[in-house]
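**Q** Please build the complex by placing chain B on the supplied structure of chain A, with the hints as guidance.
2 protein chains.
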Amino acid sequence: MTGGRILVVGLGPGPEDWVTPEAHQALAIATDIIGYGPYVARVPVRDGLTVHATDNRVERERARHALELAKAGRIVAVVSGGDPGIFAMAAAMFEVIEHGDATDRGVDIQILPGVSAMQAASARLGAPLGHDFCAISLSDNLKPWSIVEKRLIAAAEGDFVIAIYNPASKARPEAIFDAFRILCGIKSPDTPVAFARAVGRPDERIILTTLAEADPSIADMSTLVMIGSSETRLVPRSDGKQPWMYTPRSYGRKP
Amino acid sequence: MTGGRILVVGLGPGPEDWVTPEAHQALAIATDIIGYGPYVARVPVRDGLTVHATDNRVERERARHALELAKAGRIVAVVSGGDPGIFAMAAAMFEVIEHGDATDRGVDIQILPGVSAMQAASARLGAPLGHDFCAISLSDNLKPWSIVEKRLIAAAEGDFVIAIYNPASKARPEAIFDAFRILCGIKSPDTPVAFARAVGRPDERIILTTLAEADPSIADMSTLVMIGSSETRLVPRSDGKQPWMYTPRSYGRKP
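These protein sequences, in sequence, are chains A and B. Its first residue numbered 5, the first sequence is counted upward by one per residue in the numbering used here. Its first residue numbered 5, the second sequence is counted upward by one per residue in the numbering used here.
Hints may be right or wrong, so weigh each one.
Since copy identity is lost for identical chains, a pair holds within one copy or between any two.
To be verified - Here are the simulated lysine to any residue pairs, SDA-like style, with alpha carbons at most 20 Å apart:
#	residue 1	residue 2
1	Lys-75	Gly-244
2	Lys-147	Ser-254
3	Lys-245	Glu-102
4	Lys-147	Asn-170
5	Lys-245	Arg-9
6	Lys-154	Ile-190
7	Lys-154	Leu-187
8	Lys-245	Thr-107
9	Lys-245	Val-100
10	Lys-245	Gln-114
To be clear, the hints were calculated from the coordinates, so they are not data collected in a lab. Keep in mind the model is a prediction, meaning the values are calculated, not measured.
Bound-form chain A, shown alone:
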């Protein structure tokens, strides 16, 4: 070991004012930046910083590269959108270490949290995550679809608010349609649903609807789909803006 280490950095959903001081400090001391191209592009270029931009879906290769650089004494910032601990690079890093050798297990690693997509969506919508909730990724690249189905059913039967990540990949555009079919069989048709796309970025778009009326085709990979619990409701605003969507802390006390 030669003082090298890895910082797995959450850059948040996009806006600079959601990036923590800790993340900024990590980018300032790093010798190397590794990540998916669009995230790496958010890091200011400076003298002495080596940039390694990679394609999407090569998380293991990226983690392996970071480990080798750190063992060679480099300070490596592995950058991730949102929070690296939530459906992102931190898990990929430990997957590679688990299957690696003893030298991998000696590398100094720090995970730096960031504002996640579901928190950004929640902030814009009101407070849909104000009470018990689940986060489920619909991607079936790495898990069988039967597990996704089982979890959607459990989440609906437990009456959780559900934050859906990766609703529609290129490989499986029908995932969100299948998910809505499952949820419609269990939950009330008037359950509030929001499609929160690219929150915090210039192309942000929020659509509020209900489970019965939702058009799942509007969800893409930049969309966080928020499905209410039986308690989640809308509060109209008198200024003509979109209603607030929120989940009260109490249960079974409808007004």
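**A** Below, chain B without anything else, positioned relative to chain A:
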């Protein structure tokens, strides 16, 4: 209306370097700060800033006070630890607006996300939230315990990672014992469990154990309890530090 508004600000779990620039800006422009004493105490005192520190568990009174100040033209920062959208002040604010009059519904409100307790715990532990997860509050101040039970069972049957908030209040210290009894009946005894207390603060303490061996009495109101899924595992570290706890992105591919 006279330009008044409400900013519901997430201060994160404690450390300054987890406070977003957006939150700092809100505190800089506010005329009034409202919140539970320990959170208000984290805001630097300055000329012209009126501070309203209140007890815990008076969220509705606090929200009502904020609305009245905003309607009188003040810029009110309602401060919350962690993320105000996750089991915190944002939902309380909309509860009061829902039951209020039309003038409440015209108040300009913005929710400012922050690093939540579960994200802080996850960052320290490794990546336990790397795959599908639930967040459940054990507080039964505002919901019947039967709902908590139903959700714990659903979360266990769906094989989610479970982040438990409010494990043991003064009013219900046995909540976390009851929760473990339910989970032990469904999940494997060797499921990894972490008690992450006051993460980011000087009295931070992390205890890694298993469902069968866990001592729920160590959980207090500053503790986030993290319960693994069937895939969550530990990765030993060769430097003698506590193992990493993480949940892989894949399912059913144990090494």
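**Q** It remains to establish, for every hint, whether it holds in the given structure.
**A** Hint check:
1. Lys-75 - Gly-244: Cα proximity of Lys-75 and Gly-244: across copies only (17 Å, versus 57 Å in one copy).
2. Lys-147 - Ser-254: between (35 Å within a copy, 5 Å between copies)
3. Lys-245 - Glu-102: Intra 49 Å, inter 15 Å, cutoff 20 Å: inter-copy only.
4. Lys-147 - Asn-170: within (13 Å within a copy, 31 Å between copies)
5. Lys-245 - Arg-9: For Lys-245 and Arg-9, the Cα distance is within 20 Å only across copies (15 Å; inside one copy 47 Å).
6. Lys-154 - Ile-190: Classified as both: same-chain Cα gap 13 Å, cross-chain 15 Å, threshold 20 Å.
7. Lys-154 - Leu-187: Both ways: Lys-154 and Leu-187 sit 11 Å apart in one copy and 18 Å across, limit 20 Å.
8. Lys-245 - Thr-107: Between copies only: 14 Å across, 56 Å inside.
9. Lys-245 - Val-100: between (47 Å within a copy, 18 Å between copies)
10. Lys-245 - Gln-114: between (41 Å within a copy, 13 Å between copies)
Hint compliance for this structure: no hint is broken.
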